[in-house]
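Q: So the sequence lines, in the order shown, correspond to chains A and B.
My numbering puts the first residue of the first sequence at 1, with every later residue one more than the last.
My numbering puts the first residue of the second sequence at 1, with every later residue one more than the last.
Fair warning: there could be bad hints in the mix.
[What the hints assert, rightly or not] With a cut-off of at most 25 Å between alpha-carbon atoms, the simulated SDA-like pairs for lysine to any residue come out as follows:
1) Lys300(A) to Asn134(B)
2) Lys63(B) to Ser49(B)
3) Lys300(A) to Phe51(B)
4) Lys301(A) to Leu111(B)
5) Lys63(B) to Thr18(B)
6) Lys60(A) to Asn134(B)
What the hints contain is simulated information worked out from the structure, not anything from laboratory work.
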Amino acid sequence: MSDRFFFHYEDTPVASATGETVLDSLVRSGVEVPSSCRAGACQSCLVRAREGSVPAQARKGLRSGQIQAGEFLACQCPAAPDLVLERAGRRPEVPALVAEVEPLRGDVLRVWVEPLEPLGWKAGQFIHLIRPDGLFRAYSISNTPESGRMELHVARLMGGAMSGWLACAVGEKVTLRGPLGECVYAPPSPETPLLLAGTGTGLSPLLGVLRDAMAQGHQGPIELLWGSPVSSRLYLLDELLELASSVPQLSVVVSALDNDAELAGLTETPLPDLFCTPDRPWRDLEVFLCGNAELVRTLKKKAYLAGATLARIHSDPFEAAQD
Amino acid sequence: MSGAGGRLPAEGTKPIMTASLYERLGGEAAVDAAVDIFYRKVLADDRISQFFDTVDMDAQRAKQKAFLTFAFGGPNQYGGRDMRTAHAKMSLTEAHFDAVMENLGATLTELNVPEELIGEAAAIALSVKDDVLNR
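From just these sequences and the hints, can you work out the full model?
A: In structure tokens, the structure reads:
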């Protein structure tokens, strides 16, 4: 004896009954949702819940970014009338204001952006910042949401369309899409050892995770490894070293391949060598990797091969824009 | 009965002979234990690492989990057509397939799975050989 009801998918009612999975009902209604194994393993049937109850079983194996976005596996979720669903991958867009632009050393801008409509985020996630003409770039959020303004670190690139525009964009209206991303502080326990590693403005989300960890009273050791080919690009070096001296469980190692003897607290050891030390408790670590895409991918693989749990390696590789 | 390795069950328990391969291997927990061992092995195996060394490691791990679920006789509705389509553009050779089979066997050996069960899982994996090699 099963109850018949409707739930909603992309603003359309879908006929369903108790005992069915979301996937069963969608397929029967002719909705095109990809599926393959129907056993919660292949992740083809990802769907997003705007509202409604989704059991933990239907989120098994998903990354933090997907879970934060409300995504789940349709084949593992019992259909229910309170479900308001849409296709996976869609993200909200809100208008925002470029409130302040502060040049830092190393050709990096600290850009403060204020959403003009409510937009929840966690430090370490990223947003797509969309210019009025539609050009957009992804930037990580390096602060927690209390102030209502996002702190972005933007590298000024030679001929960079967005970074050049942002340098003079105070007062301009933009649109924000998101938030997205895997680099969010959500460890299994406050004692979990954290390893944060990145290059250049990859520091932004790492700093976000660090700030969130401290705000939430993280107890375990935190190690931050930050590298740059040239020391002149180490845009927040002094602030980082000061942070390290004031937070007992935080250890910061900054690496620059050029030998700038004038800057204290630097090493020339390349980042991968700092990262792959054999004495790390890889199985217990929560690892965060951000910055140069190739390096991030390499370090992710190294961490996994060394024994880290893949789902506990959070990486947001920075890919160069092609437009 | 002797050649099949079975024995009469104790009263009230599920008959050993009729438990599925998946159950006898240990179900989803066994797949979870095997996935990381298998994935790390193929990443380190120069004969085939290029097929597994992809940009999205999490997606690749999910594929391996689905494959092992299938090979363990688990609840997985992969058909031959899915296997064929998934591998069609990879120009796989017999040697590639054999290397994967070798790593599968080594994974199960490392987990102390009895020989007969390794054989049963291997047979399932072998059953899609022609589909995987697109022949």
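Q: Indicate, hint by hint, whether the structure satisfies it.
A: Structure-based check of each hint:
Restraint check: the Cα-Cα separation between Lys300(A) and Asn134(B) comes to about 32 Å, which exceeds 25 Å; the hinted pair is violated. Distance hint between Lys63(B) and Ser49(B) is fulfilled; the C-alpha atoms sit about 15 Å from each other, no more than 25 Å. The hinted pair formed by Lys300(A) and Phe51(B) meets the criterion: a straight-line CA distance of about 17 Å does not exceed 25 Å. Distance restraint check for Lys301(A) and Leu111(B): the Cα-Cα separation of roughly 23 Å lies within the 25 Å cut-off, and the hinted pair is therefore satisfied.
For the suggested pair Lys63(B) and Thr18(B), the alpha carbons sit about 29 Å apart, so the restraint of at most 25 Å is broken. Of the pairs offered as hints, the one joining Lys60(A) and Asn134(B) is violated, with about 32 Å between alpha carbons and a cut-off of 25 Å exceeded.
Hints 1, 5, 6 from the earlier list are contradicted by this structure; the remaining hints agree with it.
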